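Residue numbers (the working numbering): 145 to 280.
These aren't lab readings, by the way, just hints derived from the structure by calculation. Values in this document were obtained by computation on a predicted structure and should not be read as measured data. The C-beta atom is built at its ideal place from N, Cα and C for all residues, glycine as well. Hints are all accurate, no fakes.
Calculated lysine to any residue pairs in the SDA-like style (CA-CA distance at most 20 Å, straight line):
no.: 1; residue 1: K197; residue 2: F168
no.: 2; residue 1: K189; residue 2: L279
no.: 3; residue 1: K197; residue 2: L279
no.: 4; residue 1: K189; residue 2: W225
no.: 5; residue 1: K197; residue 2: A269
no.: 6; residue 1: K189; residue 2: E264
no.: 7; residue 1: K197; residue 2: D276
no.: 8; residue 1: K197; residue 2: Q280
no.: 9; residue 1: K189; residue 2: E226
no.: 10; residue 1: K197; residue 2: T268
no.: 11; residue 1: K197; residue 2: T150
no.: 12; residue 1: K233; residue 2: H165
no.: 13; residue 1: K233; residue 2: N246
no.: 14; residue 1: K233; residue 2: F168
no.: 15; residue 1: K233; residue 2: N249
no.: 16; residue 1: K197; residue 2: G181
no.: 17; residue 1: K197; residue 2: R183
no.: 18; residue 1: K189; residue 2: V164
no.: 19; residue 1: K197; residue 2: A272
Cβ-Cβ distance ranges computed for the label pairs, FRET-style:
no.: 20; residue 1: K233; residue 2: I154; range: 27 to 37 Å
no.: 21; residue 1: T155; residue 2: S232; range: 26 to 36 Å
no.: 22; residue 1: P219; residue 2: G152; range: 32 to 42 Å
no.: 23; residue 1: E226; residue 2: Q280; range: 11 to 21 Å
no.: 24; residue 1: D178; residue 2: S153; range: 36 to 46 Å
no.: 25; residue 1: G237; residue 2: I154; range: 28 to 38 Å
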Amino acid sequence: MAVGVTVGSITDELGAPSFVHSFFSTVSAHCEPDGWGSRFPHLMKELYQGRLKHRNALLALGELRQAKAALSSLPPSAVVWEIENRQSKPPWGNNVAAEVTNLGNYFVSSAGRDVFSILEEALTASAAEQHDAILQ
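All chains, please: the whole structure from these sequences, using the hints.
Here's what the structure looks like:
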């Protein structure tokens, strides 16, 4: 079963639970030297845990943009599949599409959309519509 992000009545699918965990693991491993949620608490401790209050959506959006900027300077081979087991690799290994040039564009949803873009749209909608963002 796929994980999606829901704001109001709109849900956008992200992908398998392991893929979504890899996205957040990669963000934390490369952007949070002091541990999960230490730099991006709204993304990592609220949204990843299942619910981001709409009043924190713009803060989370800023965190998301910082994460993308940081990850854009890292090669696809630096992906972290599981932060709990840094030796684990994605099922496809290093065999990624030619258009994947860095970790900022590595994560593509099961529907073929950029995960950063999906989350940016969801967080923007959460703030504008005053609906919490739900990850499930």
